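Undergrad: Sequence:
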Amino acid sequence: MVIALLGVATGTSVAVAQHSHATHVAKQTHKTHKVTKKFAKKESSSSSSSSESSISSEVQSSVVASSATVQPKTQASAAAAPATQQTVASGTQLVTPNVYVYGAPGLCLGYVDSAFGVAGRGGSLSYSARSAVDKASAIGAMHNDANFPAGKMVPVFWNLTGNDDGVNYGHIAIWDGNGGFYWEGNHTSTPNHLSYAEVQAVLNGQMELNGAHITDTFHGASLIGWSDNLEGVQILSK
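In terms of the UniProt record's numbering, the sequence shown opens at residue 1 and continues consecutively.
One thing to keep in mind: the hints can contain errors.
[Claimed, not checked] Simulated restraints, written as ranges between beta carbons of each label pair: (1) Gly-122 <-> Ala-201: 32 to 42 Å; (2) Ala-201 <-> Leu-107: 19 to 29 Å; (3) Ser-131 <-> His-187: 31 to 41 Å; (4) Ala-104 <-> Gly-220: 17 to 27 Å; (5) Gln-93 <-> Asp-164: 21 to 31 Å; (6) His-213 <-> Arg-121: 27 to 37 Å; (7) Leu-94 <-> Asp-216: 33 to 43 Å; (8) Gly-162 <-> Glu-208: 13 to 23 Å; (9) Glu-208 <-> Thr-92: 34 to 44 Å; (10) Gln-93 <-> Ile-139: 12 to 22 Å; (11) Ser-237 <-> Thr-215: 30 to 40 Å; (12) Ala-201 <-> Asn-163: 11 to 21 Å; (13) Gly-91 <-> Thr-215: 31 to 41 Å; (14) Thr-92 <-> Ala-212: 34 to 44 Å.
Hint data in this document are derived by calculation from the structure and do not stem from the laboratory.
From a predicted model like this one, the values you see are computed outputs, not experimental measurements.
The beta-carbon is built from N, C-alpha and C at its ideal position, and this holds for glycine as well.
Please build the complete structure, drawing on both the sequences and the hints.
TA: Structure (structure tokens):
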């Protein structure tokens, strides 16, 4: 933007300078005309008009040339998605979740299973989110990365270990296809809708959710990835 303004300022300065030069030449021409008086009034008028037209053309040409010389620079910047939240081309959404189903703290898998209607579609319910990961891995449905599919809603998994028993129960939420996540509500059918940064803050104990810090009960949060199949139900085509 600064360079673009500089280009405009430079072009304006050149135009002013050339116009000043043109005025000076015009005055000199008029002065010479008065002294010599060699030409008739009509010829003088024609000559003066021609001279001014020529000077004007010269000034205009100089301004155009100057403007063509100083071109504003444009800088294209594509902000790359953070390594923890990239989006990629994906398959067809086969099952679209109803995110407005009942959810309660600690029952993340129950919420996500209900949202995708797993039980009604012949899926088998798991004990924990970590168990659901193992099922998806066994059939090649796990994507162990953060390349969440753009415009598609899929389950996303994290490791999450209980403070009391040391068991990795895991955690699951629903990627909304557009930079956010649906997380079970607080004994309600209205889910939490969080950005990736907010999810990280919750899992790291920097932000309360559903009235408590998750780190009061769990620790060791880390992203596992996302799956195109949940509990035996194909969510996204391959």
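Undergrad: Hint by hint, say whether it matches the structure.
TA: Right, here's what the structure says about each hint:
no. : hint                            : verdict
1   : Gly-122 <-> Ala-201: 32 to 42 Å : 37 Å, holds
2   : Ala-201 <-> Leu-107: 19 to 29 Å : 21 Å, holds
3   : Ser-131 <-> His-187: 31 to 41 Å : 24 Å, violated
4   : Ala-104 <-> Gly-220: 17 to 27 Å : 22 Å, holds
5   : Gln-93 <-> Asp-164: 21 to 31 Å  : 38 Å, violated
6   : His-213 <-> Arg-121: 27 to 37 Å : 35 Å, holds
7   : Leu-94 <-> Asp-216: 33 to 43 Å  : 37 Å, holds
8   : Gly-162 <-> Glu-208: 13 to 23 Å : 19 Å, holds
9   : Glu-208 <-> Thr-92: 34 to 44 Å  : 37 Å, holds
10  : Gln-93 <-> Ile-139: 12 to 22 Å  : 19 Å, holds
11  : Ser-237 <-> Thr-215: 30 to 40 Å : 37 Å, holds
12  : Ala-201 <-> Asn-163: 11 to 21 Å : 19 Å, holds
13  : Gly-91 <-> Thr-215: 31 to 41 Å  : 36 Å, holds
14  : Thr-92 <-> Ala-212: 34 to 44 Å  : 38 Å, holds
Hint check: violations occur at hints 3, 5; the rest are consistent with the structure.
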